[in-house]
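Model the full structure from these sequences, guided by the hints.
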Amino acid sequence: MNGSTSQLLSLITFGNQYLKTVPLPNDYYPANPVFKFCNTVNFMHLSSSPNGTTTEIAAADTPTDWFKLLKQEGCRELKAYYHPTENNAGGTPDHKMAGFVGGGGTWLIEAIYPAYSDFWAARWQVTQQNDPNQNIWSVNYGRTVHQTETINFKPDTSEIRKGLNSVLNNIKLFAEQHKLNNWAAIFDKALQIFQGKTPADEWLDSQISKEGYEPEELQLIYAAMTAHVFGGMGSWNDLSFEKPEDNARYEELSFRLYDYMNRALIGGINSVK
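Add 845 to the 1-based position in the sequence shown for my numbering, that's all there is to it.
A few of these clues could be false.
Derived pair list, reagent style EDC-like, types lysine to aspartate or glutamate, alpha-carbon separation capped at 20 Å [said to hold, decoys possible]:
1. LYS913 - ASP872
2. LYS881 - ASP910
3. LYS916 - ASP906
4. LYS1055 - ASP872
The following label-pair restraints were derived from C-beta to C-beta distances [said to hold, decoys possible]:
5. SER1011 - SER1085: 23 to 33 Å
6. LYS916 - GLU1059: 23 to 33 Å
7. GLU931 - ASN1015: 20 to 30 Å
8. ASP1083 - THR866: 43 to 53 Å
9. ALA903 - LYS1042: 42 to 52 Å
10. ASP1050 - GLU1004: 20 to 30 Å
11. LYS913 - THR972: 18 to 28 Å
12. PRO868 - ALA903: 24 to 34 Å
Derived from the structure by calculation, the hints contain no laboratory data.
Virtual Cβ for every residue (Gly too), placed ideally from N, Cα, C.
Next comes the structure, spelled out in structure tokens:
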């Protein structure tokens, strides 16, 4: 699973837990695995001047402080928002760009208030390249849009479940037919989680707050997280086949998996009660 997306989704679920007055785990930050390799995770209000420059004003130094700020301001809930990239270089599809920081489409956090929404975007930067504990990343979440119309996107999860089930079965079969046993095992694990036949592993389970979710919704989230095989060198993206028809099928299935994986994450995360 992409680390930046995992962290954003974790902030949404644990933030909603806090906004519902359910206490957070004492060690959520920085002990949760989504903050591994991060030396800071802070939050800023962004404002643009008439001359085009952007001013950053510190809002919260930690995720816990951010949750407190949101509650004080009257925020009711957090939701995920995603939109694909419109103009990748050379028309490269998003699943091919998912291994790059900031690639693979845009994920935002929507903070919903009684009369409006704010949107927050993440910026990941390597600031401590030689850190002995590998905490190389500084993550800044900026409030990029303030007091705008609420979206609160809630897609139809029944349609998403059908699509995700279909593409997982098809891409698993493709992997088996080409003797890609390790990849076939990953897709099979995602299916087993999706169908409720096996629980998510502890590493995934710890990232998401289960407060407000039905088991089927968590299965959708965990299956999508498990099926995120897109990255750089050594990932599912790093394959090629001798026959043009196999490459075409591989690209088609990869595109569909990435699409339904993101739909499942949005649908599952935003189904919180």
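Against the structure, test the hints numbered earlier, and report the numbers of the ones violated in rising order. none
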